[in-house]
Amino acid sequence: MRLYARDLEVWIGGVKVLSGVSLDVSEGEVVGLIGRNGAGKTTTLHTLMGLVRPRSGKVYLERDGVELEVTGSKPYRIAGMGVSLVPQGRYIFPDLTVMENLEVAYGGRVPEGLLNEVFQYFPELGRIRDRLGIHLSGGEQQMLAIARALVRRPRIILMDEPLEGLAPKIVASLREVIKRLRGEGIGILMTEAGNIKRVRDLVDRVYGIDRGEIVFSGGIEDMLRDEAVRRRIWGV
Amino acid sequence: MDISLIVVQAFNALFYASILFLISSGLSLIYGIMRILNLSHGALYMVGAYVTYTVVILWLGLDWFSMILGYLASILVVGGLGILVERILLKPLYGKSHDLQLLLTFALILILDDVVKMIWGPEYRAFPKLPGFSIPVGDFQVPIYFIFTVLLGFSVAIVLHLFFTRTTVGKMIRAMTYSPEVASALGINTDRLFALSFGLGAALAGLAGGVAVPLYTASPGMGTEVIVLSFAVIVIGGMGSIKGALLGSLIVGFSRVFMVMLFPVMEIALIYIIMALILLVKPTGLFGMEMRERR
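As given, the protein sequences belong to chains P and R, one line each in that order.
Numbering follows my numbering, with no gaps: position 109 of the first sequence is 109.
Numbers in my numbering are just positions in the second sequence, counted from 1, shifted up by 236.
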């Protein structure tokens, strides 16, 4: 499966947030979307997910050789086709337990087998399964946000700053999880604002985004070597 | 004062509180889940009253069996009406100014009042008597219908509680209340849940009308007084909280009934004094939570 956007132009509240954004993510690869805060990373993910409708441009989903236009489709329809979102800020449902957060995403009681599969990635979650979302630490919330995406057995996961604001130990274990998911054939599009080091050996390729425009596409080492791109994205 | 009078008035207050609870729980649900202040909730209650009246008095004859059928008809008709209203009229207004929703639900009051007049005429439609017998208490009588209504009110409270804490759909609605966008991005069909939530709230108003009509009679405009008190109930109890609707109904029901008996000039005023005091101490109401603004 492949999710891709062509020439997205998005306006929010009279401001042009994306112009001419095109990008792809396929099963089994980890793609980075690198840019500063406010560059348009979240809007890009939201447009792919159907949460934001572009003024022009298209979003497509290619599955089993069939190409489907999903521009402006309802998010739950896009989710139903195998795309999942791990939102920035995690958005764990605060008055539901860990198990219930998984239950609402799955759409019923999660079968034991699937549950074990998910808890294999995050054994910690298995031990706090009856704890309310509001009582989880930041790391636990992020694990649950990914687990919640996984119970739907997605082919592609959009992760919005999954490593942001977490302790180094948690970051390390999430990086391992992302690698394992790629090994399972899941495609991941993840955004990263500042800390390029922690995604350097994680991503297969990257897009650089600045002021709503894709300014680079290719390998991360090439991006780091490109003086002009570095100046646009990091100002150095 | 005569103890039997106090007992009878307590049943009166409980009966009144049960009706208020059925109405205000629906109002509170719709607000809590959808952030829609449904001004037409009282008009939906009125339609429920007419439907049960029609089934019981005009069609089947007054007995318990037809009462139950009347309630079911009210739930289905008003709940269905709610779903249609949400799908056809409210849905296009999501993401637009809240004023439009208020105007729309206000317009619905006027429309439903006229529809009711067209179908049933402008005159009052009263039950000849309450279903069931009465239990003598001292010099007074407590209708068994009061006791039935109180039990029904509590049962509905329990069923609603179980629905939101034990079923996946109930939990999905709670997830959607927190963030419709994220719920939708996780694959939850939020369109269907919005329609269901509004339908459920409307169905509760319909049931309330059916339960109230044997005592209060059906008339165009009967929803107006009750909607104002229901707003007081959910402001006291906390917007969006079922527990709050229950406690708020009891507070309003008891203070109203006993003020009528003790100090009638203050009957309505006391409710608003209580409301103001609670808002001073706890602005979100007794069981209310901070409401997040939606994008």
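Think of the hints as simulated: they come from the structure by calculation, not from any bench.
Nothing here was measured: the structure is a model prediction, and the numbers come from that model.
Note that beta-carbon positions come from the ideal geometry of N, C-alpha and C, so glycine has one too.
Among the hints, a few may not be true.
[What the hints assert, rightly or not] With a cut-off of at most 27 Å between alpha-carbon atoms, the simulated DSSO-like pairs for lysine-lysine come out as follows:
1. R/Lys-332 <-> P/Lys-58
2. R/Lys-327 <-> P/Lys-74
3. P/Lys-169 <-> P/Lys-74
4. P/Lys-58 <-> P/Lys-74
5. P/Lys-169 <-> P/Lys-197
6. R/Lys-332 <-> P/Lys-16
7. P/Lys-58 <-> R/Lys-518
8. R/Lys-479 <-> R/Lys-518
9. R/Lys-332 <-> P/Lys-74
10. P/Lys-197 <-> P/Lys-179
11. R/Lys-353 <-> R/Lys-365
12. P/Lys-16 <-> P/Lys-58
13. P/Lys-179 <-> P/Lys-169
[Unchecked claim] If you only want the chain R side, here are some residues facing chain P, beta carbon under 7 Å, derived:
14. Gln-377
15. Ser-415
16. Ala-421
Here is what the structure says about each hint:
1. R/Lys-332 <-> P/Lys-58: holds, 25 Å
2. R/Lys-327 <-> P/Lys-74: holds, 14 Å
3. P/Lys-169 <-> P/Lys-74: violated, 37 Å
4. P/Lys-58 <-> P/Lys-74: Within the cut-off at roughly 14 Å; holds.
5. P/Lys-169 <-> P/Lys-197: With Cα atoms ~15 Å apart, P/Lys-169 and P/Lys-197 stay inside 27 Å; holds.
6. R/Lys-332 <-> P/Lys-16: Holds, because 20 Å separates the two Cα atoms, which is no more than 27 Å.
7. P/Lys-58 <-> R/Lys-518: Violated - the C-alpha atoms of R/Lys-518 and P/Lys-58 are around 49 Å apart, more than 27 Å.
8. R/Lys-479 <-> R/Lys-518: The hint holds at about 16 Å.
9. R/Lys-332 <-> P/Lys-74: holds, 18 Å
10. P/Lys-197 <-> P/Lys-179: holds, 16 Å
11. R/Lys-353 <-> R/Lys-365: Between R/Lys-353 and R/Lys-365 the Cα gap is close to 23 Å, so the pair holds against 27 Å.
12. P/Lys-16 <-> P/Lys-58: Roughly 16 Å separates the two Cα atoms, so the pair holds.
13. P/Lys-179 <-> P/Lys-169: holds, 16 Å
14. Gln-377: violated, 45 Å
15. Ser-415: holds, 5 Å
16. Ala-421: holds, 4 Å
Hint compliance for this structure: hints 3, 7, 14 are not met, and every other hint is.
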